[in-house]
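Based on the provided sequences and hints, a complete structural model is requested.
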Amino acid sequence: MGDGGTATTTTVTATAAGDNTAAAPSPTLPGTTPPTKENPVTTPGTDNSALAALKGRTVYLDPGHAGTAPPAELTADDGRGATKPCNTSGTASDAGWPEHTFTWEISQQLKSVLESAGATVLLSRDDDTGRADCIDERTRRENASAADVVVSLHADGAGPGNTGFHISSITDPLPQNLPDESSRLAATVRDAMVGAGLAPSNYLGTDGLHPRADLTGLNLSSKPKILIEFGNMRDLGDLAELQSPDGRQKRAEAVAHGLADYLS
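Just so we're aligned, residue 1 is where the sequence shown starts under UniProt numbering, counting upward by one.
Below, simulated DSSO-like cross-link-like pairs (lysine-lysine); rule was C-alpha separation at most 30 Å, straight line: (1) Lys223 <-> Lys250; (2) Lys55 <-> Lys111; (3) Lys223 <-> Lys111; (4) Lys55 <-> Lys250; (5) Lys223 <-> Lys55; (6) Lys111 <-> Lys250.
Distance ranges between label pairs, derived from CB positions: (7) Ala199 <-> Leu122: 26 to 32 Å; (8) Asn143 <-> Leu74: 19 to 25 Å; (9) Leu123 <-> Gly56: 17 to 23 Å.
Read the hints as simulated data drawn from the structure, not as lab findings. In this text, all values refer to a predicted model and were calculated from it rather than measured experimentally. In this text, a Cβ means the ideal position worked out from N, Cα and C, and glycines have one as well.
In structure tokens, the structure reads:
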């Protein structure tokens, strides 16, 4: 779920992954042709030569949410003149497997792939047990870092039958945002994920892209930044992939290839 979401079942609307403000429409990025599973743009593999563009680069990973939810009265600046919950533990599967654990696990696998290609990886939290920073403070730390790109890692909590990944970048940008670079980053990572055989969302966004103006982490960012919802934890098919180390590794490698393509 997007930053500030709750652990309750999410109604499938334009705001299903996060907060209460309405999300913007999700047009295909101008000048791009969305790939399909049958006609992918790229096919990521495990050869590190394909990840050469990552060498010497810095990637900031934000494993969404935290192991311990902060007090309900603690709030964060949403970047648009209002406040929202500081952070939460995120959504969970129907059996109780938490989003914060998924995001931590995939962050560690993605970190390993990126570091093996020569990238420096920074993390927004150190473990999966503590409260961690509020989302506005996380974003300030990202902005102050030397990161070339920032990727926030999440999973959704919609109803069964809603499947696939979607990627959000900023829309209705604020002065500090980098909307063009963030949109290009989103489209490039989307292409790599589809090229790896991962299906885009069948319920939110268009062709795997779902630009939003209601996420604190995007609103406050001064970096090329995206938020990836890797799948729906309330759908058993998606959940099996998200819980599987191999399923997470496939997604981590696809994202790494997308980042390399963007940075090349």
